[in-house]
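*Asks:* Given the sequences, and given the hints that come with them, work out the whole structure.
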Amino acid sequence: METDQTILERCDLWGCIQCGKCTGGCPLSFKTTLNVRRLIYEALVEGDVNPDGMEELWDCTTCGTCVLRCPKEVEPVDVIVALRTELVDGGIIPPTIRDALTSVFRYGNPSLMQPEERADWAEGLGVKSISDGADVLYFVGCIPSYDDRVQKVAKALVKAFHKAEVDFGILGVEEKCCCNEVRRVGEEGLFEYVVEEQQELFSSCNVEHIVTTSPHCFNTFTNEYEGLDIKVQHYTQFVAELIDNGKLAFTGELNKVVTYHDPCFLGKQNAVYDEPRKILQSIPGVEFREMDRTRDRSLCCEGGGGRMWGEGTNPEERLATSRFEEVLSVGADIMAVACPFCLLTFDLAAKAGGYDEKVQVTDIIELVAEVI
Amino acid sequence: MPPKVGVYVCHCGINIAHTVAVQDVARAAAGLPDVAVARDYIYVCSDPGQQSIQDDIKELGLNRVVVASCSPRMHELTFRRVIQEAGLNPYYLQIANIREQCSWVHSERGSATEKAKEVVAAAVSRARLLEPLEEREVQVTRAALVVGGGIAGLQAALDIADAGYIAYVVEKESTVGGKVAQLGLTFPTLDDAGTLLGEISERVEQHPNIEVFTNSELVDAEGFIGNFQVKVHRHPRHSDKGAHSDNAEDLAPAESVLELGVGTVIVATGFDVFDASLKPEFGYSVYDNVITALEFEQLSSPSGPTGGEIKIDGRTPEDVVFIHCVGSRDRNLGNPYCSRICCMYTAKQAHIVREKLPEARITVFYIDVRAFGKGFEEFYDQVREERVRYRRGNPSEIYRRGDRLVVRAEDTLLGKPIEVEADLVVLAAGIVPREDAGQVAGPLKLSRSEDGFFMELHPKLRPVDTTTDGVYLAGCCQGPKDITDTIAQAKAAASSALIPLSLGRVRVESVTCAIDPLLCSGCGLCAEACVYGALALDGRTGLMTANQVVCKGCGACATACPSGAIVVKHFTPDQILAEVEAAI
Chain R
1 METDQTILER CDLWGCIQCG KCTGGCPLSF KTTLNVRRLI YEALVEGDVN PDGMEELWDC
61 TTCGTCVLRC PKEVEPVDVI VALRTELVDG GIIPPTIRDA LTSVFRYGNP SLMQPEERAD
121 WAEGLGVKSI SDGADVLYFV GCIPSYDDRV QKVAKALVKA FHKAEVDFGI LGVEEKCCCN
181 EVRRVGEEGL FEYVVEEQQE LFSSCNVEHI VTTSPHCFNT FTNEYEGLDI KVQHYTQFVA
241 ELIDNGKLAF TGELNKVVTY HDPCFLGKQN AVYDEPRKIL QSIPGVEFRE MDRTRDRSLC
301 CEGGGGRMWG EGTNPEERLA TSRFEEVLSV GADIMAVACP FCLLTFDLAA KAGGYDEKVQ
361 VTDIIELVAE VI
Chain P
1001 MPPKVGVYVC HCGINIAHTV AVQDVARAAA GLPDVAVARD YIYVCSDPGQ QSIQDDIKEL
1061 GLNRVVVASC SPRMHELTFR RVIQEAGLNP YYLQIANIRE QCSWVHSERG SATEKAKEVV
1121 AAAVSRARLL EPLEEREVQV TRAALVVGGG IAGLQAALDI ADAGYIAYVV EKESTVGGKV
1181 AQLGLTFPTL DDAGTLLGEI SERVEQHPNI EVFTNSELVD AEGFIGNFQV KVHRHPRHSD
1241 KGAHSDNAED LAPAESVLEL GVGTVIVATG FDVFDASLKP EFGYSVYDNV ITALEFEQLS
1301 SPSGPTGGEI KIDGRTPEDV VFIHCVGSRD RNLGNPYCSR ICCMYTAKQA HIVREKLPEA
1361 RITVFYIDVR AFGKGFEEFY DQVREERVRY RRGNPSEIYR RGDRLVVRAE DTLLGKPIEV
1421 EADLVVLAAG IVPREDAGQV AGPLKLSRSE DGFFMELHPK LRPVDTTTDG VYLAGCCQGP
1481 KDITDTIAQA KAAASSALIP LSLGRVRVES VTCAIDPLLC SGCGLCAEAC VYGALALDGR
1541 TGLMTANQVV CKGCGACATA CPSGAIVVKH FTPDQILAEV EAAI
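Line by line, the protein sequences give chains R and P. Here the first sequence stands for residues 1 to 372, where the numbers follow this note's numbering. Here the second sequence stands for residues 1001 to 1584, where the numbers follow this note's numbering.
Hints are computed from structural coordinates only; laboratory data are not their basis. Quick caveat: nothing in here was measured; it's all calculated off a predicted structure. We treat Cβ as the ideally placed atom computed from N, Cα and C, and that holds for glycine. Among the hints, erroneous ones may be present.
As the list claims (entries may be wrong) - Short, incomplete list of chain P residues facing chain R, as computed with Cβ under 7 Å: (1) PRO1280; (2) ARG1400; (3) PRO1417.
*Replies:* As structure tokens, then:
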């Protein structure tokens, strides 16, 4: 990205009519001074925006609600990312986010973990390497590879794949961060560098079909990896198909009331709303209940856009807390998610708010794995 | 007489002259064979421009004229009249399009000028071979078809009928009145819509010159201005009055197809209301107390389910929120236009809520208030003074809190996010083209503009005409408008439709096909190619014949004819080849 251009030149903003739907819909607007509508106005009338001292720029979770709501096809979130780019280029960046970026550059993951340990979670599970040839590349992602809690999601997915006799492989220690969040914190250069490496890796392994754990990897592969001519699916899409065509059958029952929280990068940004629900509703015994704010009106967990690495200007108020109130109000025992970030943020919020005794936060595929 | 050609190169202000060296083009044209004079002028279509052509015809004895200017769609008829007034057959004119097909699409002056020279040379080459054609007229069927029995169609039918001609109204629904029949009060005068409609529909009912067919649809149309033959599909349960029906079958309650002959057609098919569930953030169809403005009309109507009391689930709302621009001004949805009526009907509905609920808190969320009509701004003033709170910002989401709704927005003037609790939310759903618009567009060959509404021939100069001669537009089928503008346009459409009816004769196409009986074998391939049904086999001679009134001169038959027996006048092979040869 050319950073000597003004914000107005870099982001196509002239269509904006200042209707306020972006800030009005921003899930964070009540807990931050960040107001993207005002930033756009400033860019329009002043020609540029100076991001110096705007700590609140790091509050944005890049959930995409502003883009979804805008009636004039302006992409407000671009302004925030572009301003972050200016800050990053000038070296003004929260230390935790800087560490994550350095880690992605050095180790291929944002968590300062060793690359050679990336596939340790799969030991003994009989998972082959994609270089041995397979129909499907299971792109695990950084958090499911390294985080104790989320590794269970990867293992559950492997169980489902085996059960459905899916011919799949993983990149193993070769796998690198997809860089969806890297791009969103404004490190465009690192994003482009990794994209190139990743694309070469995909083509050297003759990958034709990718299934991801995370909606974030799914999003960037689908929408941002230029020239990537590979079928990409989030696992909920793939598993829903397996259930549909009879390849994945349930053997047990789950007698629970389950609700579902739409991840922003799956729902709002990629309109995958039905498949996760389809999976949950097909589990024998499950009573599925919708919360009030679902699908296009779902709430953000605050885990995206680099917020996993930085807590923002107002860490006391969590959107996740009000989400649990909603889960309880529909009488659900389980809040199912389909995103590693959602899983971790809700897990944390459940413990902090004392909800963990009333509500179980789990990934959809973990529920599936229990009954196959 | 040997050809003597005059060439007139137009600057079109700077439209052409900015990109094309018009003097050079005129100079080059002067050197072409048989060209007696070549001039350039700032606007050839202006009075002095026209005059100079007529002077040259008289003084220099020109017998062919080439005008190098805009598209022939713009001014071919103008210049045909110009040379006709000077004594030439109008078909001795050739237009060279150096604007749309040259100056507007090129930027490099040198090559654009060269291209213009070639376009003019081709036109001159063809002009030398032009032949005179006869101008012909036919009788007009003195009746009009009105498609759609809403307020636009009814008003248009009344004007046609009042002028002394027959009007047939075809209405898809079982009753006339359209959307206006669903409204309570109108803005800004607070007249009762039912009374307004009643005045018109009663006159329609009683008018001896009007025949209304309800539960009926236009399914086919053939012919041309002055003489259309239309087919109307009549579904059972129709309840027309049949004043002019001399066909007893019309009254039969079975499916039937009615054939009508008319001289002109007025299309007044109206609109659909935007489906608010396509804006899922507002929870329409999720929450019972989120309704559209049209549903509010029903709710507040004395004949509605609550007898006109504003109640939701038996409860009187304390907070009522109105939201502007739902489905309008929205590029995401492909509805980029303003629906033009929502600002004012919302003001009217806020006024009604205030009248019925003096204590209610009323909030209107707006982006811009467009109060452009007569009395509109004054009405908007009045409504605000009735303690209706206007807040700038279009809400982004509605969700539930307890048993109330929360409308989440940014008040863009405060620059703050806000939550407004509400018991009733009214969405100002906009106007969209009818889903079934294609069913009417097809038979009448109507064009549609990018927004999906029927397209007028010219946005300023011919707002009720269409690309099909003799077919006119009225009301919201052409684009969003209020009742006032709808009536005005209906009267304009009626006036245009009356012109051919009152003249009684229309000019028909002179450019038609001609069949050489010595070459025709009567194979009939031409008849298969002709979409107008102009060609038929003469059983007596075994040769094809062409109906010179029905023929549009499209040339499909000439292309289909294996023996080269058909020639389209004004586009003969010699003329076209001469043009091509000069161009290449």
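*Asks:* Does each hint hold? Answer for all of them.
*Replies:* Hint-by-hint comparison with the structure:
The closest approach between the C-beta of PRO1280 (chain P) and any C-beta of chain R is roughly 4 Å, which is under the 7 Å cut-off, so the hint is satisfied. Taking 7 Å as the C-beta cut-off, the interface hint given for ARG1400 (chain P) holds, the closest approach to chain R being about 5 Å. Against a cut-off of 7 Å between C-beta atoms, the interface hint on PRO1417 (chain P) holds, since the closest Cβ of chain R lies about 4 Å away.
Checked against the numbered hints above, the structure violates none of them.
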